Amino acid sequence: MAFLEETARGIRRNIIKMIGKANSGHPGGSLSSVEILTLLYFEQMNVDEKNPRAEDRDRFVLSKGHAAPLLYAILAEKRFFPRSELANFRQLGSILQGHPDMNKVPGVDMSTGSLGQGFSAATGMALGGKIDNKAHNIFVLLGDGELQEGLVWEAAMAAGHYKLNNLIAFVDNNNLQIDGAICDVMSPYPIDDKFAAFNWNVIVVEDGHDFNELRNAVKAGKKSEDKPTVIICKTIKGKCVSFMENNAGWHGKGPNAEEVKQALAELEA
Amino acid sequence: MADKKSTRQAYGEYLVTLGKKNKDLVVLDADLSGATKTNIFKKAYPERHFNVGIAETNLMGMAAGLATVGKIPFASTFAIFGAGRAYEVIRNSICYPKLNIKIALTHSGISVGEDGGSHQSIEDIALMRVIPNMTVLCPADAIETEKMMDAAMEINGPVYIRLGRSDVPFIFDEDYEFKVGKATLLKSGQDVTIIATGLMVGVALEAADLLKAEGISARVLNMGSIKPIDIDAIEDAAIKTGAIVTAEEHSIIGGLGGAVAEVLCEVAPVPMERVGVKDVFGQSGKVGALMEKYELTSKDIVIAAKKAIKRK
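These protein sequences, in sequence, are chains A and B. Residues in the first sequence are numbered consecutively from 9, following the numbering used here. Residues in the second sequence are numbered consecutively from 626, following the numbering used here.
In isolation and in its complexed conformation, chain B is listed as follows:
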């Protein structure tokens, strides 16, 4: 097994496994099946893959209609077009009637890279999280992607799965158990808790090692389930470590940082810092350079952790 894989690649491959088990599963794409990796499913089940063309609002509307007649649609395109352009169709035709549709959007966040700010979705978690009936999941690696797809199949309703373009290291092994609404403890620690999601989970683990070298003990929580969010895990982290840092490849407004802040200030207010995109648009560049430019590296998490600890 390679040591890295993108979550979109894992998605495309695992769709075939799910499609084999469930004949009602259909896949819809909007002319990006090579990039979203749904073309892997298309190769295995061409009669259950529908390319609706460059028409994202109709992608979501047709998914809604298919769900009403008993199909389980997985609708895929880039996060910016799915969560952005088709937002109100998702809201009114999918979530309002609580239809059984899985919206798996790729190319989320800054790690889209060279395509630049117009294509880097840094708002999709916020947009999807605010809609009633929606579940929001963001996998940290290929394994968690598969586990989340299994979990999504168990939910009779809309689920948003946030996928990325870039290869990410494996965090979990096959024995990993994912539960909707539950965080995963990846590292124990006493001084600060880093709560991360998506590709920032690997970065958070690196940051914990850097902090350890400086004598700071950091707990690391993977928050793959952003909605529902694990309130108990956040409360416990706040009480036991007294300082929180969130890390996400999304705007600091309305995403994981926003969600954790909402919980913290209600159940256990402690100093908190948000690592994320600071209310600005991205730009073209290599992924590594972008992560540095927008302060999404392990060093940035270390700085944030020290700041939060100092505020105790």
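Just chain A, with the same shape it has in the complex:
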């Protein structure tokens, strides 16, 4: 258990360093999903950094593609590419684009960035797995603001219709989007009832930063017999950096040198 927590802390540090160096990127929604991806990549998913395109691997799609710093920090920690590459995030010629590019970054299973589309692609991947009777799972992470995209519900309808029980979606429910609280901008609530109405197996995780709760949810999701599973995770945007927590202003802004220093100091503690 201490391993996952220690790993998550290192991931957060790298997220801050990357976005700070680039002075550009999305810290808030990267920090809110750290535990979800740490649990997946360091415990739950069958992936191999030496064979990133292995046919029977589990897949992960970052539908909220702007949380790319999180995915890159995870993949670097898993040694899909050298950690030193993280310093080139958002720089000209880097494999680490502002949003994930599957043809540039080893370990990225789908190019994403335009909201809703990763979820739709994940549904297609899961359908492909069903056609071939594969045992692997498709994991996908959505933002809660992302649920405002109509395509999300087209894909949700299809996943329920095709009974894609190999599809496990996470909603990073940090309650904030660029323009403010999601319930003020355009409320997607109730999220659980909506997915249930689309024939999904719905699990709510009250603390999306608690590995035990997340683990139990993933285990339950893997056992779903005839429905896709959505795990709605209540999280804190900007988690573990005091001045970023619950602040929509840190959705898509790079911290300056002083702010990086303070954030890293907090992440040492």
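Take the hints with a grain of salt, since some may be wrong.
Stated by the list, open to error - Pairs of lysine-lysine, PhoX-like flavour, derived with a Cα cap of 25 Å: (1) LYS648(B) <-> LYS138(A); (2) LYS142(A) <-> LYS646(B); (3) LYS58(A) <-> LYS723(B).
What the hints assert, rightly or not - Taking CB as the label site, the calculated pair distances span: (4) ASP740(B) <-> HIS169(A): 26 to 36 Å; (5) ASN96(A) <-> GLU891(B): 30 to 40 Å; (6) ASN254(A) <-> ASP775(B): 54 to 64 Å; (7) GLY18(A) <-> GLU860(B): 56 to 66 Å; (8) ILE928(B) <-> ASN96(A): 33 to 43 Å; (9) ASN758(B) <-> ASP64(A): 27 to 37 Å; (10) GLU799(B) <-> GLU63(A): 37 to 47 Å; (11) ASP215(A) <-> GLY678(B): 30 to 40 Å; (12) ASP740(B) <-> ASN141(A): 55 to 65 Å; (13) MET194(A) <-> GLY695(B): 36 to 46 Å.
Said to hold, decoys possible - Just a few of them, taken from the derived set where beta-carbon distance is under 10 Å, the chain B residues facing chain A: (14) MET687; (15) VAL694; (16) GLY695; (17) PRO722; (18) LEU724; (19) HIS744; (20) LEU811.
Source of the hints: derived by calculation from the structure; they are not laboratory data. If you're wondering where the values come from, they're calculated on a predicted model, not measured in any experiment. For glycine and all other residues, C-beta sits at the position ideal for the given N, C-alpha and C.
Got chain A sorted already, so can you dock chain B onto it with the hints?
Just chain B now, kept in the frame of chain A:
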């Protein structure tokens, strides 16, 4: 063999042939499988045909996901919904990652007929052509449709195939060889070159006969491959005949006429006229009446040819 067949019919029938050869081929449709003719494939291979419902953006998104796990999806709906409504999914989820997906859209152009302007896609060539990594093909008849589908299977990346609703006469025979990026010379001529695509190829051949009766010798090129386009054939036509007319069932902005104009002004500027839909929406009507109303007949090509020749 009947003397006419729609390219959508040829598409649906040939999907079965391709599906038999390649087990990874899957077909996706958005509640129009009767109209797009993918229901012919569905009858042969029901386990590889997926109707995603009336949800065109998800049609393209799911195709993307299927391609990442090794399937070769053919995604079909009407051109207006595929190229139009789902444009940005095609751009970001299919072309940006260069996924191996064939987007075969039917009911393109004015020849949709009675459904009217809301359903007549006159912008799809422009929309698909501008996206990096995309190949754009537009068959003139049933035979060329099959040859283009074979060619599309050889490309490891996205291909747009523009198909029509109406029956069109056969231009080619079984021996026809289609190559991506190559135009086909259908008629030799010295005074003007008519470059046509899709159902306008047959119309262009009629126009060449009308011109011949008036003592004007017209070369006719079939430009089935709109992207990549045959730059050499356009340059040669410009140099040898000194005047160009394009003919397409699409807006004169951004389609075949646009593509040829881009090449011409860079490599061999000569007088050029564009026969196509003149930046207006269509309307309901019989196909023949619409083709006359929007100046897409052989007579319109003749007028354009004479105008181009006069400007030499």
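Those earlier numbered hints the structure runs against, lowest number first | As far as the earlier hints go, 8, 12, 19, 20 are violated by this structure, in ascending order.
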